[in-house]
Structure formats: C-alpha cells, structure tokens
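Visitor: Listed below are the residues making up each chain.
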Amino acid sequence: SQQGEEDPQALSIQEGENATMNCSYKTSINNLQWYRQNSGRGLVHLILIRSNEREKHSGRLRVTLDTSKKSSSLLITASRAADTASYFCATDAAGNQFYFGTGTSLTVIP
Amino acid sequence: DAGVTQSPTHLIKTRGQQVTLRCSPISGHKSVSWYQQVLGQGPQFIFQYYEKEERGRGNFPDRFSARQFPNYSSELNVNALLLGDSALYLCASSLFRGRGFTEAFFGQGTRLTVV
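In order, the protein sequences belong to chains A and B. Residue 632 in this note's numbering sits at position 38 of the first sequence, and the numbers go up by one each step. Residue 1320 in this note's numbering sits at position 91 of the second sequence, and the numbers go up by one each step.
Keep in mind that the hints are not guaranteed to be accurate.
Claimed, not checked - List time: in silico BS3-like cross-link candidates among lysine-lysine, alpha-carbon distance up to 30 Å:
hint: 1; chain 1: B; residue 1: 1259; chain 2: A; residue 2: 620
hint: 2; chain 1: B; residue 1: 1281; chain 2: B; residue 2: 1242
hint: 3; chain 1: A; residue 1: 620; chain 2: A; residue 2: 650
hint: 4; chain 1: A; residue 1: 650; chain 2: A; residue 2: 663
hint: 5; chain 1: A; residue 1: 620; chain 2: A; residue 2: 664
hint: 6; chain 1: B; residue 1: 1259; chain 2: A; residue 2: 650
Worth flagging that the hints you see were computed from the coordinates, not collected in a lab.
Using the sequences and the accompanying hints, generate a full structural model.
Guide: Structure, rendered in structure tokens:
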C-alpha cells in the first residue's frame, strides 16, 4: 500500500506559471524526497528534506515540510515545457526503504 | 561515473515462468533497493539490501526473492509469474553516511510484460 498521497492527481499550467503539488503521509519519517518521472522511465531525484528541516531550495524548486501535519509541498517556479512529468514524494521511515505516493501528473503548456 | 544500470530494459515472459532482473549500483553505493511500479501507480517497495544482507522487505509474496553480491550488484527473482506481475521494476542505490542513507538514485528500470 502507498504511504503517501499527492494532491492534485493532475495539474495543467501555462509555461512561466508556478506549479504547486502537495504530499501527505501517515507515519513518522526520517526524511522526505521528491522525484520526477518522465514517460514511465526511471525516477530522477529532485530534492531531499530531513525531518528536522522546514524548507529547502534547489534552483527553481522549493520544498516545505510540516511534520506536525505530516505534509510536504513542492513548488516549481517559472515552469517550462520540459517540466512536464509525474512527480512523486517518497518518505523514508525505516532507513532507506521508501514509500511513494500515487504521484501528480504535471503538464506545462508552451 | 555511471549511474545505476539495470538489465534487461524490456522483457516478455509467459505466465508460470521465472525471471531474473539485474542491477548494478553506483560505484561506492552499498545499499540496493527494488521497487515495482504498476502502470498509473507509484513505485512499491519490494526489498532493500545493505552490505549483502536483507534489511527490509515489502508486502510481496514469497515468489519474489533477491540477493546482493560481494560487488554490491543485485538480482531480483520472480517465480511462477502472474499477469499481475507485469510492471516496471526499478532498482535504486544509495550511500550510507554517519547520519544515515543519502538520497536514492534510480536506474531506468526493466519493463516486464507477462503474457
């Protein structure tokens, strides 16, 4: 069974707009990671945030973590057509055993 | 440096057959994990191996087994294949540091089709 859930399931935006997707999970975690997947191939690691961190930035990505609400959000600023992909959050509660949500499918329209 | 490599990339098997999937981690990574991703779903954890020992197992039947070799490469075996085993099988490797494991890096996966 999936540990987390992403919201929304699908998101369609215009190029240049910001995209926000959310992740909720059920149990205590060591860290939370966000991944991107293009066309059902391998997952590309985007960013890792540890349980004692609240916010992290990497380029156009901003991730927040609220452990009291068991939730995280991923913000992609100034989106590009190349950002079109599925995005997954993965929680690590037991030492490198990741539990993924069902993903958000992002479409960026040129 | 080469990333995580998986072989084969595609595979078609018949129900009841057995399959072996292979994974080579990034050099220096001693942890290898396997995931199954059914179309339209997120990856599901199958196994984790660290230093050649099983460290975790997901909710999969005993038809699924794995092992890790002295060079830290890994194999995933699935016996008595069912149609429902058709999926993308992903391998991930990571490094252990003092604070725990680093982020996991995934291979491109093996697409298994059972007919």
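Visitor: Each hint should be assessed against the structure and marked as holding or not.
Guide: To see whether the hints hold, each was checked on the structure:
A threshold of 30 Å between alpha carbons decides the hint, and for residue 1259 of chain B with residue 620 of chain A the separation of about 28 Å falls inside it, so the pair holds. Of the pairs offered as hints, the one joining residue 1281 of chain B and residue 1242 of chain B holds, with about 28 Å between alpha carbons and a cut-off of 30 Å not exceeded. A hinted pair counts as satisfied when its Cα atoms are at most 30 Å apart, and residue 620 of chain A with residue 650 of chain A qualifies at roughly 21 Å. In summary, the hint linking residue 650 of chain A to residue 663 of chain A is supported, as the alpha carbons are separated by about 17 Å, within the 30 Å threshold.
With a C-alpha separation of about 7 Å, the suggested pairing of residue 620 of chain A with residue 664 of chain A holds against the 30 Å cut-off. Our distance criterion of 30 Å between C-alpha atoms is met by residue 1259 of chain B and residue 650 of chain A, whose separation comes to about 27 Å.
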